[in-house]
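Peer 1: Given chain A, put chain Z in place with the hints provided.
Here the protein sequences come in this chain order: A and Z.
Sequential numbering of the first sequence, starting at 1, is according to my numbering.
Sequential numbering of the second sequence, starting at 1, is according to my numbering.
Please keep in mind that the hints were generated in silico from the structure rather than gathered at the bench.
There are no misleading hints in this set.
Across the chosen pairs, the derived CB separations fall in these ranges: (1) A:Leu51 - Z:Gly208: 29 to 37 angstroms; (2) Z:Pro121 - A:Ala56: 25 to 33 angstroms; (3) A:Phe106 - Z:Arg256: 27 to 35 angstroms; (4) Z:Ser72 - A:Val11: 18 to 26 angstroms; (5) A:Pro186 - Z:Leu112: 49 to 57 angstroms; (6) Z:Arg70 - A:Arg98: 36 to 44 angstroms; (7) A:Ala250 - Z:Arg175: 40 to 48 angstroms; (8) Z:Gly37 - A:Ile187: 53 to 61 angstroms; (9) A:Leu246 - Z:Leu115: 32 to 40 angstroms.
Ideal placement from N, C-alpha and C gives every residue a C-beta, glycine not left out.
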Amino acid sequence: MDRFLHRATDVGGIVLRTAIYLFLALPAIVVICASINPVDFLGFPPQGFTLKWYWAAFDSKPFMDSLSLSTQLALLATVASLIIGTPAAYAIERYRFRGRNALQAFVLSPMIVPAVVLGIGLLQFLVWAGLSQSFAALFLGHIVITMPYVVRTMTASFSLFDRALEQAAMNLRAPPLTVVRRVTLPILLPGLLSASVFAFVTSFGNITVSLFLAHGGRATLPIQIFTYVDYGSDPTLAAVSTLVILVTVALLAVVERVAGLQKVV
Amino acid sequence: MLVPLLTLVRTSLYDSDKSFGGAGWSLRHYVRFLGDGFYLSVLGQTLLYGLIVSVFCVVVGFPLGYSLARMSARGRRWRIPMVILPLTLSLVVNVFGWLIILGRGGLVNKFLLGLGLIDAPVQLLFSSFTVMLVMAQTFLPFMVLSIMSVVAQIDPALEQAAANLRAGRWTTLRRVVLPLAMPGILAGSTLVFILTVSAFITPRLIGGTRVQMLGSMIYEQTLVTLNWPFGGAMSLILLAIVFVFVAGVNRLSRTRFSETRS
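Chain A with its partners taken away, still in its complex shape (with noise of 0.2 angstroms):
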């Protein structure tokens, strides 16, 4: 009876367990199901298979310009926040300075300020600076958003890193651009990798800051999705949103493979 009951709990959990997996994958699944579905409503499962939304959704101007929008972005936000919180994250880690814990906060709050405070917060200020509804306004919002993930992971990065190793190099008479090239930056690369695709991901997904700094100007990817959401929707929405699940896997792929995601999250 013991032992019964036991082998019930197991395979209960099992159950369990696939099914929450299944939760949490469901809505992604069922909008790559409605990309492909030929039938002119957004329906579940596939009736057949067809690519016409995708050479609709090439074709629509709105979406294709926020694509690039949002791809210009992102890309140019990644590079801000790894050149500004890199170095943050090497101050943070190997000195013990006065108002440290104060910046290690400061950079890290975007993370536990509610993203709706964050956002009326910058449009209010962008506003007072004469900045709003420009892409200045956009890219100064995604460098703080994204900051937090470039600073947590450089942070486990450089503490994770050996210094010895790059003293060994210096002692075998190594000039410093050298260690610098051949032992820093190799053993930093799977970290930079991981922050940037972090912090690319999370820039191009964002939807409840550039709500507030895009109003009126031009519009993101997922603000234009948001808004044909909100209008009701057809396939071509699905084509669309899509795309952006596969960008989003495909680089959650090349960190697993380069870094080991298990690692960084």
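Peer 2: Okay, now just chain Z, sitting in the frame of chain A:
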């Protein structure tokens, strides 16, 4: 970060209902919010949803987080990406997926029709239950990851010791694992609570106008009604609630569970 916040504080104190060219000092936007039964009921509702979603995420997230922590690296390889997908995927795409699932011609309705449980499609959207369900799915990864990292630090030998002492599985779970995992559960709950009470995209798209939450009211005031001072006051009230909650949970975590942390 700090400057936008200060701008927000200043705007919320303007003595006007317009977004631009405000002047003067006044607390009337705070008084308006805190003195009105409607706003307070929305606030109460929002906090209630936050608690329900957090508790749901603990219950659903614990088995997943625990099993991930006790799994080989190979087993985690494909499961971790599945867990973090809703977290990294754009929120609108995720919500759009739910709209297809829950719509009138959607997956759930078709399934129920097929089983003969219902005769006509039922309205699943625009209810607080579905809003909470979708938010739980979106924020669950934070809970799972948080629990996973704590459980990974609990020595499996402790559970074996408990089993050797003839403690049943449930007793071991209740007396050994849960107390040790409590800091992670609290950290995950804090995140889920904050994200839920400040959500506005999900309530708006899934809940429509029927499900009112604080986040969607702030959104309306800021971008539709264009009453920035009032929107600012509401968002600062939200921020204050979040800070009080975080501080409270941190205190609880320090005082009650610090001895269990090695």
